[in-house]
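Given next are the chains, with one letter for each unit.
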Amino acid sequence: MSQKQNKPSVDPVIIVMIGVVFLAVSIAMIVFQSNANSVNIAADSGLLSQLTVAFITGLTTGGLSCLAVQGGLLASSLAYQIEQDYAGQVGRKKTKQTAVRTNSALPISLFLVSKLVAYTLLGALLGWVGSYLTFSPMTRAMLLLAIGIFMVGNALRMFNVHPIFRYFSIEPPKFITRYIRKTAKGTDTATPLFLGLLTVFIPCGVTQAMMATALGTGSALIGAALMFAFTLGTSPVFFIVAYLTTELGAKLEKFFMRFVAVVVLVLGIYTVDSGLNLMGSPFSLQNMTRTWFAPQAEVAAPAVPAKDGEIVLNVQNNGYSPGILRAPAGKDLTLNLVTNNTYSCARDFVIPDLNFYQLLPDTGTVQVSIPAQEAGSTLFFTCSMGMYTGQIVFENQ
Amino acid sequence: MIKKTFKIPDMSCTNCAMKIESLEDDLDGVKEINASYHKLEMAIEYDESKLTDDEIVAAVKRKGYTAIPA
Numbered sequence: 016m017s018q019k020q021n022k023p024s025v026d027p028v029i030i031v032m033i034g035v036v037f038l039a040v041s042i043a044m045i046v047f048q049s050n051a052n053s054v055n056i057a058a059d060s061g062l063l064s065q066l067t068v069a070f071i072t073g074l075t076t077g078g079l080s081c082l083a084v085q086g087g088l089l090a091s092s093l094a095y096q097i098e099q100d101y102a103g104q105v106g107r108k109k110t111k112q113t114a115v116r117t118n119s120a121l122p123i124s125l126f127l128v129s130k131l132v133a134y135t136l137l138g139a140l141l142g143w144v145g146s147y148l149t150f151s152p153m154t155r156a157m158l159l160l161a162i163g164i165f166m167v168g169n170a171l172r173m174f175n176v177h178p179i180f181r182y183f184s185i186e187p188p189k190f191i192t193r194y195i196r197k198t199a200k201g202t203d204t205a206t207p208l209f210l211g212l213l214t215v216f217i218p219c220g221v222t223q224a225m226m227a228t229a230l231g232t233g234s235a236l237i238g239a240a241l242m243f244a245f246t247l248g249t250s251p252v253f254f255i256v257a258y259l260t261t262e263l264g265a266k267l268e269k270f271f272m273r274f275v276a277v278v279v280l281v282l283g284i285y286t287v288d289s290g291l292n293l294m295g296s297p298f299s300l301q302n303m304t305r306t307w308f309a310p311q312a313e314v315a316a317p318a319v320p321a322k323d324g325e326i327v328l329n330v331q332n333n334g335y336s337p338g339i340l341r342a343p344a345g346k347d348l349t350l351n352l353v354t355n356n357t358y359s360c361a362r363d364f365v366i367p368d369l370n371f372y373q374l375l376p377d378t379g380t381v382q383v384s385i386p387a388q389e390a391g392s393t394l395f396f397t398c399s400m401g402m403y404t405g406q407i408v409f410e411n412q
Numbered sequence: 272m273i274k275k276t277f278k279i280p281d282m283s284c285t286n287c288a289m290k291i292e293s294l295e296d297d298l299d300g301v302k303e304i305n306a307s308y309h310k311l312e313m314a315i316e317y318d319e320s321k322l323t324d325d326e327i328v329a330a331v332k333r334k335g336y337t338a339i340p341a
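Residue numbers (our numbering), protein chains in the order written: chain S, 16 to 412; chain X, 272 to 341.
The following block holds chain S by itself, in its conformation from the complex (with noise of 0.2 angstroms):
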């Protein structure tokens, strides 16, 4: 009855993943050595080294990143797959074979392929169409806030607090599961796959610079090989810490289920909450606990500008500096944007309220015109994916 019990000691999947980081990790070492300093897609550079620098942005700054922002998809994909091979041992219970392990590497991998496909095909897209795909920052944090309730309600589901939530689980038509049955026999490919193309609708930050670089190159062509070559380097970070993740929590049985739960509800929650930034809501986690807990030199920082009229702000790779801002009210200024070598998501640079958006240079200074303000009201900034914040508090001097 139970005639497959004996899986193959390596996946081969794995092998072929680690295959790919290795080369990822020469190709990255390699480059680096001769190019420490500059990572900038530069419009003279040539095809070449220009998918060389996307990629190795990939690696770098862009794995993580995306990490951060798509994880939850990632993490949902997984969980379906967890909850099929739970089901599966729970079904198979009392033979004693508790080393029944979960097969993570194979939807990771969909799910990294897939991933891998839609933005290639973004990218052909974006070389071809042109600007026509940019979501605004409010329809992206609207996103954000659909992804984070759906995420968090699917942990409720999973934690079994009340059937409702079992509407959070998509049942595909039946249609649909029928062709899988007889295609997959069984194995949920198509979950997956369906999420890593999703991923396309939140981009990081640094996966929306190199959009916006595909978009220049008016070229359906090189789009597409700009997107593959910067996807396919944010795949082995994303492999690593997933697989890892996922083959920790294994070992850990029948506990999984709710680690998992736990894992999806709180990227539920930093979605939603990088939905709330993104809105310029002052009652994000982040914006809240900045504004209770502020560092006492910043509460203490006096409404004095550098200059007359205008105020600064240091956009940096870790976020905007300082993260309170005291600026005179009931005047208008000129807050300037200042990127040195920024390559985070942070120079994706959005003003919710004042409708202000913008993908600041690498290295530079950026005027925004900020119209006067009442005394004790505060404006929120962000990146455009939420991530990072700040605000400017308006006082009277």
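Heads up, some of the hints might be wrong.
The calculated label-pair distances, taken between Cβ atoms and stated as ranges, are [stated by the list, open to error]:
| no. | chain 1 | residue 1 | chain 2 | residue 2 | range |
| --- | --- | --- | --- | --- | --- |
| 1 | S | I164 | X | R333 | 35 to 43 angstroms |
| 2 | X | M272 | S | I164 | 41 to 49 angstroms |
| 3 | S | R193 | X | S320 | 21 to 29 angstroms |
| 4 | S | M153 | X | D281 | 41 to 49 angstroms |
| 5 | S | H177 | X | D324 | 50 to 58 angstroms |
Don't read these hints as lab results, they were simulated from the structure. Built from N, CA and C at the ideal position, the CB exists for glycine as well.
We have chain S; now place chain X onto it with these hints.
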């Protein structure tokens, strides 16, 4: 042909529904199975001259779940 509904309280995801529906391929005399994770039940249309309730319950059990006639 007869149509019956069974409660399946131990489904934990939509994949469980898919697994149960795969009994369509395994059991003789089954015309159609619609399993729902949302409702924790399955509706089965089958030829009662070829299949009994007990056989259905046993087949569902082999898939790892508990079927209770509604």
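Hint check:
Between I164(S) and R333(X) the CB atoms are about 37 angstroms apart, so this pair conforms to the stated range of 35 to 43 angstroms. The supplied range of 41 to 49 angstroms is met by M272(X) and I164(S), whose beta-carbon atoms lie about 42 angstroms from each other. Taking 21 to 29 angstroms as the suggested C-beta distance range, the pair R193(S) and S320(X) conforms, at roughly 25 angstroms. About 43 angstroms separates the C-beta atoms of M153(S) and D281(X), a value consistent with the hinted range of 41 to 49 angstroms.
The supplied range of 50 to 58 angstroms is broken by H177(S) and D324(X), whose beta-carbon atoms lie about 31 angstroms from each other.
Checked against the numbered hints listed earlier, the structure breaks hint 5 alone; every other hint is satisfied.
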